[in-house]
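Next come the chains, spelled out residue by residue.
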Amino acid sequence: MSKATFGYFPGCSGLGTSLEYERSTRAVCRELGLTLWDIPDWNCCGSTPAHTVDPVLSSALSARVFAQGETAGIRDVVTPCPSCLSNLRNALEHMEDELFAARVEALTERPLEAGHSVKSVLQVIVEDIGLDKVKERVRRPLVGLRAVPYYGCLMTRPEKIMRFDDPENPQSLDLLLQALGAEVLPFPLKVDCCGGSLGIPVRESVPRLSGRILELAGELGADVIVVACPLCQMNLDLRQGQIRAKGLDYTVPVPYFTQLMAYAFGLGDEEAAFKLLAEDISPAFSCMQRRAGEIKAEEARVAALAAQKAAAKAGRTGSGQSQAKSAGAAGGEA
Amino acid sequence: MSVLKEKELRVIGFLCNWCSYGGADTAGVGRFAQPTDLRIVRVPCSGRINPLFVLKALLGGADGVLVSGCHPRDCHYAEGNFYARRRLEVLKGFLPVLGIDPRRFEYTWVSASEGQRWQHVVTTFTANIHALGPASFSPEARELQILNAAAR
Amino acid sequence: MRIGVFICHCGSNIAGTVDCASVASVASTYPDVAYATDIMYACAEPGQDAIIAAIKEHRLTGVVVASCTPRMHEPTFRKTVERAGLNRYMFEMANIREHVSWIGKDMEANTNKASELVRMAVSKLRLNRELKPKSFPVTKRLLVVGGGVAGIQAALDAADAGLEVLMVEKQPTIGGKMAKLDKTFPTVDCSSCILGPRMVDVAQHPNITLYAYSEVESISGYVGNFDVKIRKKAAYVDWSKCTGCGLCTEKCPSKKSYDRFNEGVGPTTAIIIPFPQAIPKKASIEREYCRQFNTGKCGVCAKVCPTGAINYEMQDEFIDAKVGGIVAATGYDLMDWTVYQEYGGGRYPDVVTSLQYERMLSASGPTGGHIKRPSDGEEPKDVVFIQCVGSRDVSIGRPYCSGFCCMYTAKQAILTKDHIPDSHSYVFYMDIRSPGKGYDEFTRRVQEEYQARYIRGRVSMVYPKGKKLIVRGADTLMGTQVEVEADLVVLAVGAEAAKGAPHLAEKLRISYDSYGFFMEGHPKLRPVETNTAGVFLAGACQGLKDIPSSVAQGSAAAAKALALLSRDMLDSDPQIAAVNVNRCVGCRKCIEVCPFKAIQEIDLRGQPKAEVIETVCQGCGLCNATCPQGAIQLSHFTDNQLLAEVEALCRF
Amino acid sequence: MVMSTDTAKKFVSFEALPDFLAQLAQGACVYAPRRENKAVVYRPWSPGDNVEFAARPTESCKHVIFPRSEELFSFTRGGEGENPDDSSLILQEASEPGPAVIFGALSCDARGFLAFDPVYDGCGTGGKARDVYYLKRRAITTLVVRTCKTPLNTCFCTWVGGGPASSEGADALMTEIGNGLLFEAVSDKGAALLQSLPDASAEQGAEATASREAAQGRFPQPADIKAAPGSLRALFDSAPFWEKQTAQCLYCGACTYLCPTCYCFNITDESNGIRGVRLRSWDNCMSPLFTLETSGHNPRPAKFNRLKNRVGHKFSYYPKIHSGRFSCCGCGRCIKSCPSSVDIRKIVLDAIKEAANV
Amino acid sequence: MAIQDDIKSAIAEVLPGLSCVIGWGAGPEPLRAAPLFMRDAADVEKFTAGFLAVNNPALFLPALKGAKVGLVVKGCDARSVGQLVAENLVKREEVHLIGYPCRGIIDMDKTAAALEGRCEPGEVKGLREEDGDIVLDTPGGEVRLAKTDVAADKCARCRYPNAESADVFVGEKIAPVVERDDYADLAAFENMELDARKAFWEMEMSRCIRCYACRNSCPLCVCRDHCVAASREPHWLTQADGVRDKLFFQLIHATHLAGRCTGCGECERACPVGIPLLTLKRAFSRQVEGLFGYTAGLDQGMPPLLTFKLEEPAIKEREW
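Residue numbers (the numbering used here), protein chains in the order written: chain A, 9 to 342; chain B, 706 to 857; chain C, 89 to 740; chain D, 6 to 363; chain E, 5 to 324.
The following block holds chain A by itself, in its conformation from the complex:
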């Protein structure tokens, strides 16, 4: 059923802007019994700079990644980055066409064997590991944390290529966060565009697009926006200041889901790597703890009330009937 060993492709961000994603991913996978084998001498997946100008070159870069895996006996690859995933998948898809494959292989100078697959870390955790296993591993439940899941535009789309979750209303991250104990707020913009790499050529696009996401999260009262994409994370987190400068009245930490998993699993600061976020996460955790306290108190109150009622019922058998009747009527109108 579940496969425990994968070739690991960190992608370029993993060694730079998304170091916290990279670290927490490795830690979490380890905890879940997933062995990640680094693909030796990997290269760029062929993303944005390549695929916008030359699809063959782009696929050739991806193909080389698979070929590198092949030499190490790896057929199933996992990557944390949706953008890399998209490009790697596209390459495999396009190379189904023999003519295209021939053009790619002319560049790579090595034919690619059949049977390669690639998945995102999120997909592997949700589908191959399963949320039950995640739940089992939780040591510090995120009870009280109000989270909005933000998948970004690439994780589930295009549907035909990604073949994961509902393309318009994905649930996997929602369920994962629930498994960690968090309160997940329905987030209508969960697959909206953050502006992506347009932030560089069209500068004002990110404040507008990411701003909309942040604004809605703020209106919903989210403690954190949980992401799974390095580029989204950068736009929402690193550029939050810029967006605030344009009028946003809201500050929110934007952790990767793997960071929250590491925290919930009770791993250390090194693994959770919250320090590497631009926006401080500690206010979120404070809110969480305060709310957790309230929840606990409420639960205690309800339990006490129930115990009281039960005791009263046991003591007053005579009037038990009328008690039950009124309860029944109340239930009916509820």
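Simulated from the structure, these hints should not be mistaken for lab results.
Interface residues of chain E toward chain D, partial, derived using beta-carbon atoms under 7 Å:
id, residue
1, GLY31
2, PRO32
3, GLU33
4, GLU124
5, GLU127
6, TYR216
Just so it is clear, the structure is predicted and the values come from calculations on it, not from any experiment. For glycine and all other residues, C-beta sits at the position ideal for the given N, C-alpha and C.
Given the coordinates of chain A, work out where chains B, C, D and E should sit on it, guided by the hints.
Only chains B, C, D and E this time, still in chain A's reference frame:
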């Protein structure tokens, strides 16, 4: 009267009147181009098709036989294609014992509205038969060979 | 035998890619062919006359016409040869148009194929026998399945002409979808004002028996003599006692039931009369919401009913009826639009369907005709209509146009403005499809007079923001993105065949397409008949159509049924099975497989033999394929006739 | 068919046999017994084929002269196209058969043709109804029979006038001696066939004679069935006797089709389009269709009627019109190959006994 | 043999209530028994069972309809009866079945092969059974053959040696030879290439003499006198002496038996020219068992090709 040499093979279709024959008509009305090999025998229902017709054709020199009826549950006669499905499936599995490639016989379901599907079925089946080449089952020829050698 | 062969050019339809003269010349060498010629239009009057002349001149005893599909003109030519004095079954067709000329351009291959098809036809014809139909009596009663406007029209027309009509309606009331509408386009007249009287007519018509809250359980028999079993579902109210006073619905304590009639706009009670003008105006209990059924404790309705009509023990009832013809008028349902996650997938209360909106607009609806947002009951000011939600969308497997949404959306935009003068309507559309009398003028009026803003483009996302819904989409005319802050979003949800339509089709033994719409006999020439004799179609069950078209087709179906049932006797199709008693060994295998129970065992001088009940046999030939000794043969499709066709092609 | 000269005895060693057969095959189609799977059948011999001498042929060789199905003529419709009233047929005779040699048949097989000959030569019609198809083939076929060394349990040639070395009906007889075969021609056709062979030595001749006599000694003493014709006629209406005798019969045609003396046929036209052939094919009296009349009446409706006819024909009705000769050569194939173990000897003997008791 | 006497007693006991009992008696030669129709005590004395009890007595049942008949049956014979009953071709109450444990029957072709070089089976003068062997008295002296070497192929794959449906069972039931039929014989046949299989049938069928012993020995062939083999209406076959028509008749027979054949093998045994006809029928049986899980002669109800299911889970229809 024969197939066009080098161009066609002998492909025979048995089609139920209500669905598949109509589907073939729909394909025609839609001008969906198809190979010319197929000759269609119209029968009221796929249930009318005794598997022996298929065998008769195959032994008589047909290179391929295609049967098509209404989709299961859509039979104009309610149940005919259910019987056809069983009988034809059994027949298909039987053919190899005779030395006939089972790919020379297919049965399928095409409704009267599925002109495009019909085009696809005919095109695919005919291509498959061409890939298999002419059928070599000509026991008559062999018998003659034995006896002619004798009679000289 | 003296066979005449006529190769039709069909103008250039056939002659364009088939050398008809050459086919005729080859055909003249076929066995028993006494005359062969090519002919411009065989089916036209001169063509038919030429065939008749040739039959007489050459003393022909059988005719082959190679032209279009026999599904089209076989009846035509059969009549032709009959006029020339031949038996109508001494005729065969070779389909050289749909199966030859239209599907390929290779003249050589087509001509050869056409010749072979003619050879097959000649080979079969040589074994044809004269067949004579038998007469059987007709039951002069019509079954109408579905009590929407199409079914109502068909039933009333047939009943007015003196025919006895049974109407079966699944819901507790007739009226169908039209009864749910507030107003109708393009006249904007009150739907219930025009439909209501017709519903009453159905109830009061002496020739119509209405079975509401009933379904067709099974159908057997054949044209002229169908045996129908109707399941009258238990309403838990004895309708013979119920006066429709409505006291029970006022007192029912279970007030959170799903309101089917009102499309779930607001809750209702477990015992209901769907709406004030319901026909029949009788109460029925929705078991799944009823406390009596769920907890065993309640019985309020039984207590308050002044006539003691409530009966919790009621069981489904079955009624057997014999009818001569059947009109299927089962209408349509909206598709499950929640597949569209980008519109919320059903999560946002203020995203409603067009039919729900219709109920909100209706004065007799749950909001009393006041448009209120489901979420907070406030009056919306900005209403966005999204069209083609589940129409013309290949990505979800619905490539077809639902046909009437453009028009009702326009109507709803007008009504919105009428209800809330300071409101703004936005309509996202792909194309405006409004062919029809006064239709295009109507869609212009809504834009010009009612200032509805029509935006040509698809909506990519609807999401809530505060109390508003953000509708984001493209304006393809402007080439920009648009975002509208809406208070209410109305989806013009695509329609599909009514739930359970395929199931009914199987019972009726008619075909349906992949969307569940029933197949008509011919898309142009037999739009209300089906390929099953005696079964007719009316309304949206055959394909989506608006009210005037549905009514027209209802009348058309009635006319067809009347033409059929005006006769005292019908001719049975002689293309049925026949037993050769000398060969029959009485093994009963044919009896075992016959789907129509059309074969019985008889005793012939002490030997068991099979016998075909001629009026019951439908001519499928399953028995023929089953009989090991070939003792039972399907006339006109005998083993020898099919073998002749096979052997015309393959025999060394 | 009578030997005209005292032809010399010829010898062929087994080693030289293929060459001899090859030589024969130059001018004729040579049919020889061949083992095929579980059966031994007469097949056209070609170089490299073995001749099966060990096991006796499953079938008789009658089909060489009386084919299972033979084309009498073919026909084509006359009128075409512009001349539709022409309903004439163009007939074409079947192609001429070529000369044949049957090599290594059993002597009983050869004697079987003796039952055919008078029937097909117009006996009883004053020579008018001669069957040219049969006679032609009979004339151009040369029949070389072999001496049977041992009898099978089912053999009863001696009951009906035959024996393991009978050459009646044949053209030459061969007997296995030592490492080869000794041939003796018994007709001109046989002599012509053997002409090229070296003469056998006197010792070889004597050895062959001794071998034949030894074989004769191994064969059973004939039962006395002289009373059979009369007994069978007497029992014609004894249904219970026949029902009992035939209870186990399946009424298939194995006995008649394997029988060297059964000569019945059916004629059918088989056509396709405007062309067709008229076929004469074997028929057999065990089939209910054999006597089925168009009216639906069948004079031999039950299997006992039919098996009675078969036995009666061979041992009573045929002898009556053919000077007492039984239409049976005693090969025993009908017994040996009967799936239901019907034994015609037993029926004949039981009939004689039953008739005596009546 | 004690069991033979026990069977005789069983026959004698029921004979008075029956029109006859069909079993086996002495045949025309030592290696062959013959079907025996027992009507009185003297007939019963002639009864023999055992290794030579080859013929399937169920064959005679349809023709004897209307009178109650007794049959002594092997396991395979009982399946034929079972199938006739399932198809309502014979009334179960009109048959009285006497079963006994069958340890196999002789195959004449295999015996001939075993004797090759010594004599033909038709020259065997005597037979006695010893342990698991048969000892043959041949012109060249005694020959001992293991029964398993010369038993019919069907006996080596016998799943039902005891006539389970018998009204009376004589003797102790024995264990089946195999638990399931793996159709290894067909698999071996299919080691041949397709073209070789064609050639095989062409050659085999060219021997056919159209005697129809295969058909007439088949207990499930119901048409009998009305077989399409000789009919003109319908005209499936010509009378020409061609392999095509001969093979086609076998296909007609096999098709008619698809799902009904119990594999008794009488067709193949009856064939005088030794054509392996059972192979064709077993090819159908394998299909039908695999697709519909129906075992002819054991399962109740109509055979699978005379009925259907709305959903056929075993039929994987090809996608286009």
